[in-house]
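*Asks:* Spelled out from the first residue to the last, the chains are:
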Amino acid sequence: MSVEPGPLEAALRARRSQGGKALVPYLTGGLGDWAAALAAAADAGADAVEVGIPFSDPVMDGPVIQQANDRALAEGITPLGVLDDLGRLDAGVPLAVMTYYNIAFRFGLERFASVLAERGVAAAILPDLPLEEAGPWTEAADAAGVETVLLAAPTASDERLGRICARTRGFVYGVGLLGVTGVRDELASSAVVMADRLKQLTDVPVLVGVGVGTPEQAEQVCRVADGAVVGSAVVCRILEGGGPAAVGELVGRFRRALS
Amino acid sequence: MVILAEPVGGRFGDFGGRFVPETLVPACEDLEAAFRSAWSDSDFRDELNRLLADYAGRPSPLTECRRLSEELGLRVLLKREDLNHTGSHKINNVLGQALLAVRMGKTRLVAETGAGQHGVATATAAALLGLECVVYMGEVDMARQSLNVFRMQLLGAEVRPAASGSRTLKDAINEAMRDWVATVESSHYCLGSVMGPHPYPWMVRELHRVIGAEAREQCRELLGRDPDVVAACVGGGSNAIGIFSGFADGEAALVGVEPAGGAAIGRGVPGVVHGSKSFLMQDEHGQVLEAESISAGLDYPGIGPEHSHLAAIGRARYESVADDEVVAAFELLSRTEGIIPALEPAHALAWVSRAREELAGQAVLVNLSGRGDKDVAQMMGRLSER
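First to last, the sequence lines map onto chains G and W. Note that this note's numbering gives residue 212 to position 212 of the first sequence, counting from 1, and the numbers run on in steps of one. Note that this note's numbering gives residue 328 to position 328 of the second sequence, counting from 1, and the numbers run on in steps of one.
None of these hints come from the bench; they were simulated from the model. Any given hint could be a false lead.
[Claimed, not checked] These stretches of chain G come out as covered by chain W in the derived footprint (C-beta under 8 angstroms, 3 or more residues): (1) 13-24; (2) 73-85; (3) 105-112; (4) 115-123; (5) 233-244.
[What the hints assert, rightly or not] Restraint ranges, calculated between C-beta atoms of paired labels, are given here: (6) G:75 to W:360: 48 to 56 angstroms; (7) W:185 to G:223: 23 to 31 angstroms; (8) G:111 to W:70: 54 to 62 angstroms; (9) G:246 to W:130: 48 to 56 angstroms; (10) W:186 to G:145: 38 to 46 angstroms; (11) G:203 to W:253: 24 to 32 angstroms; (12) W:30 to G:139: 36 to 44 angstroms.
Note that beta-carbon positions come from the ideal geometry of N, C-alpha and C, so glycine has one too.
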């Protein structure tokens with residue numbers, strides 16, 4: 001029952017088959033000069049970029065991304081506004097949107113999936129939509145050719161991880177620790193354990209995020225994982241006033257650590 | 001039996017479900033299994049019933065309001081949940097969940113609170129059973145319910161401010177869920193209403209079913225039948241589900257009363273937040289709106305999924321009342337019956353008062369879900385402005 005890989009999965013597999021590690025930075029749509037920051041991240045060596053569509057109640061996110069959400073919403077950003085901007089970009093790498101299920105639900109699942117596809121977005125990540133609830137969305141996403149990335153957490157049994165790996169598209173998003181997004185002083189030991197458990201279960205690219213905040217931490221987790229997702233560290237740079245160049249510089253440091 | 005069954009697959013018709021971060025799915029599954037096992041275990045039920053009687057003071061009385069009835073031209077009965085230990089119906093739920101937490105080997109309770117009643121009840125149960133307790137409360141609510149903040153601290157709980165978003169109940173829930181994501185191995189999330197991911201809407205309803213069961217017996221003794229109308233205020237909707245559960249399979253009309261500024265069914269459309277699908281006040285883009293009400297306990301843009309189901313199938317109706325009507329009802333019950341209600345059940349009384357012509361001559365049971373001590377300072381400020 002192999003599924004033809006979509007553009008996101010193809011890009012990550014290509015990186016892996018070249019012996020490299022994948023780097024997927026995250027930034028919040030609508031925050032600052034985000035479109036230019038996205039282009040800078042791609043130029044600095046990102047294999048794909050994850051773009052957050054702000055939501056009023058982001059329960060999986062820590063203070064940094066909460067603040068980014070609040071600020072973007074206060075500026076009047078809308079989901080369709082973010083997607084339209086994405087449609088006008090040519091970043092040269094696959095794009096994934098990350099948002100909460102109510103945004104897609106309110107949009108209408110089929111319409112949301114087709115708008116993603118029309119705007120050239122390869123994949124979607126919905127962190128409050130676990131496997132058991134994902135059916136209506138994945139049906140719409142599959143029909144539109146949008147890859148649905150599922151999260152896998154340290155609390156899951158191997159049996160559950162196996163089912164998640166079988167249903168995920170693009171990559172499997174290993175949650176590096178028990179907790180919400182944010183930069184920690186050290187990489188949690190659970191991050192490597194998570195990567196190792198997933199690697200033993202699947203051939204799909206295994207990326208770890210949540211609590212991967214420095215180039216050193218990314219390098220550590222990628223001794224086992226196929227790649228890392230880096231969110232709060234990038235967003236923090238933007239919240240502090242860093243422009244596209246600063247984002248590019250940071251992503252470049254992650255890239256070098258993974259080379 | 002629309003309201004009495006265990007929800008199939010965690011769903012009440014089109015509503016409910018388990019929309020949580022993946023990290024929490026196994027915890028919700030464990031909780032569901034543990035509650036199902038405990039609820040069919042007579043030792044667990046006996047222990048809970050003993051605490052409800054000896055510690056919380058159950059059964060709560062049914063009071064017939066003679067002077068208020070005369071003034072309104074109908075027959076008002078109050079289910080006196082205000083007389084429970086800690087001053088509201090919330091204790092029914094937390095004693096059950098705290099016992100369950102101990103049974104599951106958890107050592108820490110996490111809770112959210114709006115008005116502070118659920119937080120106080122959780123802190124109380126934690127003190128009773130020797131559990132660590134952290135309560136999240138919106139900064140706005142901490143200011144308007146400072147007495148309850150102090151009560152929680154006296155009881156040994158740590159109260160943490162929710163400083164994001166609208167800084168009220170919905171944000172306190174976000175913070176409690178984030179805490180639970182990080183502490184799920186040692187902590188039980190003691191959710192305070194019939195909302196959230198499965199099994200909470202079912203479990204919390206079962207734990208409040210005692211309200212309806214007692215009230216039904218008491219009404220039959222007093223009236224020889226069910227009342228014509230059962231009314232209760234609704235934020236998340238736990239006190240309402242509790243009392244409705246005693247009458248849902250009968251003929252009584254069931255009426256949930258929402259604040260006008262937080263009317264999920266009155267002004268909302270289906271959406272998904274805090275773990276379940278239900279009616280939700282949100283904008284055209286799916287951003288959750290901030291509720292605005294005089295009562296911190298009802299300041300919530302959503303509603304428990306079973307209420308959405310009851311509305312969809314027409315078994316219950318949902319009305320909304322404005323703050324001024326609530327204040328008038330608060331004063332009316334105080335003056336006519338010597339009972340100062342919490343602002344939350346004053347919503348139900350406000351609807352009864354407004355609908356008195358429609359209700360003329362009928363027996364109307366109102367769930368007096370909490371007492372007004374916590375609201376006296378706020379009301380003193382508001383009424384002295386007149």
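*Asks:* With reference to the structure, classify each hint as holding or not holding.
*Replies:* Quick rundown of the hints versus the structure:
no. : hint                               : verdict
1   : 13-24                              : violated (count 0)
2   : 73-85                              : holds (count 4)
3   : 105-112                            : holds (count 3)
4   : 115-123                            : violated (count 0)
5   : 233-244                            : violated (count 0)
6   : G:75 to W:360: 48 to 56 angstroms  : holds (53 angstroms)
7   : W:185 to G:223: 23 to 31 angstroms : holds (26 angstroms)
8   : G:111 to W:70: 54 to 62 angstroms  : holds (57 angstroms)
9   : G:246 to W:130: 48 to 56 angstroms : holds (50 angstroms)
10  : W:186 to G:145: 38 to 46 angstroms : holds (43 angstroms)
11  : G:203 to W:253: 24 to 32 angstroms : violated (59 angstroms)
12  : W:30 to G:139: 36 to 44 angstroms  : violated (29 angstroms)
Checked against the numbered hints listed earlier, the structure breaks hints 1, 4, 5, 11 and 12; every other hint is satisfied.
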